[in-house]
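Undergrad: The residues making up each chain are set out below.
Number of protein chains: 2
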Amino acid sequence: MTYCVAVRLDEGLVFLSDSRTNAGVDAVSNFRKMVIFNKEGDRLMVLMSAGNLAITQAVRHYLNHPEPDAPSIWNATTLFEATQVVGDVVRKVRDRDADELQKSGIEFNINLIFGGQIKGQAPSIFQVYAAGNFIEATVETPYFQIGEAKYGKPILDRVITPNTSLKEAAKCALISMDSTLKSNISVGLPLDMLIYPNDDLTANHMKVIDERDDYFKMIHETWGKRLRQIFSEIEDPVW
Amino acid sequence: MTYCVAVRLDEGLVFLSDSRTNAGVDAVSNFRKMVIFNKEGDRLMVLMSAGNLAITQAVRHYLNHPEPDAPSIWNATTLFEATQVVGDVVRKVRDRDADELQKSGIEFNINLIFGGQIKGQAPSIFQVYAAGNFIEATVETPYFQIGEAKYGKPILDRVITPNTSLKEAAKCALISMDSTLKSNISVGLPLDMLIYPNDDLTANHMKVIDERDDYFKMIHETWGKRLRQIFSEIEDPVW
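Same order as they appear, the protein sequences are chains V and R.
Under my numbering, think of the first position of the first sequence as 1, with each following residue one higher.
Under my numbering, think of the first position of the second sequence as 1, with each following residue one higher.
Hints may be right or wrong, so weigh each one.
Since the list can't tell identical chains apart, any single copy or any two copies may satisfy a pair.
To be verified - Computed cross-link-like contacts, EDC-like style, restricted to lysine to aspartate or glutamate with a CA-CA straight-line distance of at most 16 Å: (1) K207 / D236; (2) K182 / D200; (3) K39 / D213; (4) K167 / E235; (5) K207 / D10; (6) K182 / D99; (7) K39 / D88; (8) K217 / D236; (9) K207 / E11.
No wet-lab data here; the hints were simulated from the structure.
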């Protein structure tokens, strides 16, 4: 499995993904789940993927190698159009592979988060389904998760609003990831994190986080300790 | 869906369940998930159920109406034997219903936690699967969850060990439930909680918790507030 989360804030966007892939416990390996498409000053787009690795790699391949003169994420004039391209590519892979996968009893399984900014327009994030359709984040639901989403959802629900700062949202995403790592062995380091301030149109604030990263180590140690502390400070039931 | 959790501690057992059932968003209703089987001074057993409501109700019916002279949870000499009876009853319901359910495209879906104490023996908890087989809690894995388990797992992983006190475990189970209620609308109040001290052999410490319960209200308000407080106290990333 995998865990990816993206947040849309007034200040910008935050993307975080793990890198654990497993196809059974004897086939655990590391594959990055985040790809960045960037033409500096023009557009910055991020794709994070969960699901069958062959499917997600095929989707990435087609996004990176568009047919000449066809609609692509590079010539799309809006992020909505670019996300339609992503959905079309998912459908293309499904048309090629889904029936064959079914013969082996394998479901066509892919979940994507796609987002970023095209110059002059508002940044946004989208969740793209296996059917190639998609939804956009809103003020009421400013984040998307894919993969092993449930362990890390409570802290997002309690903290994230559109006016959360970028740094706070990054911290919250890392705590959400830390809870997931703690409770699910199929999610693992290293992490890829991109903090995207509005109108940046670069991937300058990209960070790869492994077990030697001091900030993540601090989060990992402090959060568990402080959780147990506030837990012990809450009075026991008296019934 | 539903959420149930049971913990086995050196001091005794803790059981907690919600009461929300849904078969689609237009068919949400309340059914208790916890049944207590008690012959005071002889045996105390608790069954908590998740899955298809018709299946779980049929299982309860057969447990309450054993055939004369057949093995039952009332004449079992060990908790292991009693859990075998529960597994056998699951298989009986499956033999009757599974094929018919499949014709309607419905999977035979049931998950049970069964536990308690028979006089003179150690208390324990078991998780019973849809196949009627089961596993027992251990020192390394002293709790079981069924239903919407993931939201509330991180706090259990961080707090629960066999030497956690009964009251602390009850508090932890309620926080785990509160996180689940916050993030998943298909889990709901009222809650049933049984705190079982070793060798009690009664259900004296049974508690029904609804939105008017002061302790749960305090947990609900305090935990979210303290979480946000420790969140804000952790320094922001500096990258």
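Undergrad: Indicate, hint by hint, whether the structure satisfies it.
TA: Status of each hint after checking the structure:
1. For a Cα distance limit of 16 Å, the shortest separation of K207 from D236 across copies, 15 Å, qualifies, whereas the shortest one inside one copy, 41 Å, does not.
2. In this assembly of identical chains, the alpha carbons of K182 and D200 never lie at most 16 Å apart, being 33 Å within a copy and 35 Å across copies at closest.
3. In this homomeric assembly, K39 and D213 never come within 16 Å of each other (Cα to Cα): the closest approach is 29 Å inside a single copy and 57 Å across copies.
4. For a Cα distance limit of 16 Å, the shortest separation of K167 from E235 across copies, 9 Å, qualifies, whereas the shortest one inside one copy, 32 Å, does not.
5. Taking the shortest alpha-carbon separations for K207 and D10, neither the intra-copy value of 21 Å nor the inter-copy value of 45 Å comes in at or below 16 Å.
6. Taking CA atoms no more than 16 Å apart as the test, K182 paired with D99 passes in neither setting, with 37 Å inside one copy and 39 Å between copies.
7. Taking identical chains as interchangeable, the C-alpha atoms of K39 and D88 are never at most 16 Å apart, the minima being 22 Å within one chain and 63 Å between chains.
8. Taking identical chains as interchangeable, the C-alpha atoms of K217 and D236 lie at most 16 Å apart only when they sit on different chains, with a minimum of 13 Å there against 31 Å within one chain.
9. Proximity of K207 to E11 under the C-alpha cut-off of 16 Å is found in neither arrangement, the shortest distances being 18 Å within a copy and 46 Å between copies.
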